[in-house]
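One line per chain: the protein sequences are A and B, in this order.
Counting with the working numbering, you get residues 1 to 404 for the letters of the first sequence.
Counting with the working numbering, you get residues 405 to 1005 for the letters of the second sequence.
Read the hints as simulated data drawn from the structure, not as lab findings.
One or more of the hints may lead you astray.
Think about it this way: if two alpha-carbon atoms lie no more than 25 Å apart in a straight line, the pair counts; the simulated BS3-like pairs of lysine-lysine are [said to hold, decoys possible]:
| id | chain 1 | residue 1 | chain 2 | residue 2 |
| --- | --- | --- | --- | --- |
| 1 | A | Lys384 | B | Lys920 |
| 2 | A | Lys163 | A | Lys283 |
| 3 | B | Lys682 | A | Lys119 |
| 4 | B | Lys936 | A | Lys169 |
| 5 | B | Lys962 | A | Lys77 |
| 6 | B | Lys774 | A | Lys272 |
| 7 | B | Lys954 | A | Lys119 |
| 8 | A | Lys356 | A | Lys390 |
| 9 | B | Lys728 | B | Lys690 |
| 10 | B | Lys564 | B | Lys687 |
| 11 | B | Lys962 | A | Lys115 |
| 12 | B | Lys920 | A | Lys119 |
| 13 | B | Lys882 | A | Lys390 |
| 14 | A | Lys115 | B | Lys961 |
| 15 | B | Lys882 | B | Lys936 |
| 16 | A | Lys159 | B | Lys774 |
| 17 | A | Lys358 | A | Lys230 |
These figures come from a predicted structure and were not determined experimentally.
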Amino acid sequence: MCGYYESISGFRYWDVKAWKQYIQQNIAPLYSITTTLLEVRDELAPYTGNSFGVITNSRRELLPFLAGGIKDGDYSKYSLAKLTRLIYGLYVDPREFSSAVSSLGEEGLSEVVVKAEEKESSVFLRLISGLNRLSGNVLELADIGPSEISIPSSGEIIKQPEKILDVLKEFYRFSISFSANHNYYTFFIVSTRGTHWKALREGYHKLEENLDEIKEFLGLEEIFIPETGKEDVQRDYTIWSHSRGEIAESIYSMQIGLWGRFNFEVETEINKPIEDALRYITKNPEDLAKGHIRLVKDALGDPREIHIGNERFYPKDSYDLKIEGLWITDWPNETLISSVSATSAARDVLKREHSKPKLSFIEFLDQLGPYLFTGYGEISRHPKHKEHLKYYGNIPMNAVWWLG
Amino acid sequence: MNEQRDETKRKSKYHRERKGRARREERASHHSTHATQEPKTEKLRSHTPKEGKVPQEPSEGIDHISKLAVQVNEPYKVTIPKVLISTPTIEYDLIKMDTEYSIQKKKQRVQVPTIKINAPILEFQRISVDSNVTMTKKARRFIKIPRIRLHAPVFVFQDKTLDLVVDISPNPPLSDISQLPIIQAKKTQRVIQPISVPKHETRPLETTQETEAVSLSETGSSNWIIETETEDFIKALFGVSSQELREPNAAIILFKDVRDEGYIHLFEKLLLRLQREKGKTGKVKKLTLSDEDWNKEEIEKWLDEGGIIFIEVANREILDKLTKRDIADRLWAIFSKGDGTVVFHTKDDDTFYAINELVQELNWNKLGLKPEIFKILARELPFEEKLRIIEHVYGFVSLPDLMPGSKVSWIVNTAEKQYLKALKRIMHKYEPFFPVRASDDESTEHVLAKYFIIHTLIKRLQREGKLPSRLQDVEWDKVRTIIETEPESYPRPDVLYKPKEAYFEFETLFGESFRKITNKLDEYARAKPGAKVRIVVEPITVLLHLHEFKHQIAGIKKGKLYSNLNVEYYTFNLSTGELVPLGKFIESLSRVLAELTEGEP
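Based on the provided sequences and hints, a complete structural model is requested.
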């Protein structure tokens, strides 16, 4: 049986060997690249809190990473010191540095202290640390060795600091290529996250016949089976997702990390260091979060609201779903409730949200299926009410907040 | 019958009374007629002798005198004057009494509206009730699975050359101060989101017995693993890091406390300590928003000394009484010199958001100020966790039995008192035998710490049998030759333990922050290579500089820092009266913090 997704060249989601190849080609390089980047950081980090003079005496080759391109109390346009700060959050205050050396020369460096940005500001470092941990986990589970990608080693980078740009380019290339925006395998992982069986069956025609093998390899599992006597209905409306710590979940978390960090349109400047660092190698870094939303919009139209029976449901919000049999008996909009909490309207909204008419679980999933399939939304077990489900919407855009 | 009889009696009595009254009135009328005529009769009678007639009957008064005159005239002829006394003439006015009165009720007219009520017009429509039950099975539902077409990414890289130049050549002296580069740090307002409280089983409190007593041969920096990435105690508790609080000169902190709790007291202690590290006095001025408390001069004086202002806003009503202008005036009083920290705290959600709104809406540019604004939402912690946190702040000091549910404020105040009491007790114990050298500007904390270090060293010598257990029996002159305070040497340690040539340096970090430790170690590295340097700090110092300590210790452990020194770090364990290696303390603290931050994204 051949459908649209089966006709895509090179996309053999039903084949474990193809999955291994995908991991080898896309995830192993990310592991190697992030490992190299972290090794460079390990060389610099121990000097945090110490006098800069210590580095000049013992590790002079590290000097450009912290002071390269500092002029008159500020960074030059392509300053290495600024790049170190953007990627690793390690820095010396440019003003302190310039002031110390302008009066005392090299001797003044003992007055300058190496600092580390707060965790929140080190978004790039947290991204590469996270990708490294998750990709390492995938390689281990798939029993695949590290990639033999040709990138400079950390030692070479320390000796020739400009080589860090080569590593940065590869990091960017593989991050983008790996993403569900451009990669059908990663898209498959996103599709299988919190989606009901019927949507998966309709989308991936060869999944059913290869389910056991794929389920085993990727770590897919049923997280909710509705209570009904009808076997076919029960199977179609069972929610599937990823088993904790398994390959699919690790790949999905990598994707969330990239959507969250390659999002340059958020209101805050949370991802500014990443954008600024990527501008060292490319003029317009790709906004993955925005790109995926566009993909969904092109396929399904603007996901503003959908009608389930007489009720309106907003796919971009998050809902608490209380399921009884084939009914959703309570479905408060948690996004709305949290947005009005601590206001005078909170009680009314809460009351109203808890007194909406019940919805048919079947109709709900059929309507929402396309959004779940594209990764725009996800159904999971509710983190607080274990017996409830939770719908999360607008995932690519919300990822930035989940990462903090 | 009886009633008729009674009625008849009442009537006859009434008639009798009426008749009686009529008769009495008639008599009275008759008598009054006589009374008015009588004077006339009298008058006529008095004129009778004038006409020569002898009265038949003597009468009283004039008649009697006339009689005497007749009797005397006859024998003696005496002329008796005839006195005529006229009777008084009484005239009465006849008036008619006005006995009329009105009991007529005044009439008021009421306007009664005239209402016309129409008959209802009822219109009915004829419908037939749909009683059909649809049992037809709906056609098979299809899901519109989108056909997503993914495109291969297009990469356009640019080749730029990194600027690696490290400019460390000294500049010629500046002749004009205007040549100095002016760099304005960009400030972003940090919004601290509430953190969900993780649910987990409370573990039994770690006993401080787990931390080993200090042994000078044992390293204070090895044999421990950093289990958590949490590197900031204040951030783990309150969502805002110590570094963030340290940086701004002008800061407004909006603190939402937990209802029926007092986390603000713990925050206050930590904030004050940060202030002292910045070289400020570390005192608190507590104000309300009411007018009488806002003495601008007093506030300025207070701020000049580096104090922090805590303003409690108990409820919304207090805020509602003030205009934006009032708030601006008050904040202007605080920040007019571009420096100052003010903490608004409340336990009420509405009030918190109202303060936030007010502060945000102020036109800071117009005021010429832009303080950093922090929002802190304290979160409720289980009793055991509260206790463990406060124990770490105050060096595991013994606390009296606490009732589960004791508020943070109470635990903090008790712990602080006990902490100082324990240190002072040690000082008083050794003071008579071993007075330490102290400089004039030495802080109390510093003096107390020196005694604590001496106490641990003496205990060690006692354990090793080198000193008698009773202090009175100790030969203190000899002790002073092996334990010296502030010896004449460079660098000059707080305490020198000669048997091991260990240099104890206690640091409060007041005025200089963490750099003080780095400077001290640099000093030893230059002047005393190979020295055993023992850095001792208070537990609260570790909490505020967790990140720096962890990284410095890691650098030393890897041999990348101070490789020519033997450096160990310690803090107080007041429950055992020993110095505890910092590694062990951090390990214990990290476990608490890991639990605090567990479940956070």
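*Lys115/A and Lys961/B: Cα distance at most 25 Å?*
holds (19 Å)
*For the pair we were handed, Lys564/B and Lys687/B, check the Cα-Cα distance against 25 Å.*
violated (53 Å)
*Hint consistency between Lys384/A and Lys920/B [alpha-carbon to alpha-carbon, up to 25 Å]*: Violated - the C-alpha atoms of Lys920/B and Lys384/A are around 46 Å apart, more than 25 Å.
*Starting from Lys682/B, check that the Cα of Lys119/A is at most 25 Å away, please.*
Given that 25 Å is the threshold and the Cα spacing comes to 22 Å, the pair holds.
_For Lys358/A and Lys230/A, compute the direct alpha-carbon distance and say whether it is at most 25 Å._
Cα-Cα ~21 Å, so holds.
_Pair hint outcome, Lys962/B versus Lys115/A [Cα-Cα no greater than 25 Å]_ = Holds, because 19 Å separates the two Cα atoms, which is no more than 25 Å.
_Proposed proximity, Lys390/A with Lys882/B (alpha carbon, max 25 Å)_ = violated (74 Å)
*Hint consistency between Lys356/A and Lys390/A [alpha-carbon to alpha-carbon, up to 25 Å]*: holds (17 Å)
_Lys954/B paired with Lys119/A [C-alpha distance capped at 25 Å]_ = At roughly 14 Å apart (the allowed maximum being 25 Å), Lys119/A and Lys954/B satisfy the hint.
*asked:* For Lys882/B and Lys936/B, compute the direct alpha-carbon distance and say whether it is at most 25 Å.
replied: Holds - the C-alpha atoms of Lys936/B and Lys882/B are around 22 Å apart, at most 25 Å.
*asked:* Check whether the Cα positions of Lys920/B and Lys119/A lie no farther apart than 25 Å.
replied: holds (24 Å)
*asked:* Check the hint pairing Lys159/A with Lys774/B against an upper bound of 25 Å on the C-alpha distance.
replied: Judged against 25 Å, a Cα distance of about 44 Å means the pair is violated.
Going through the hint list in order, the structure does not satisfy hints 1, 4, 5, 10, 13 and 16.
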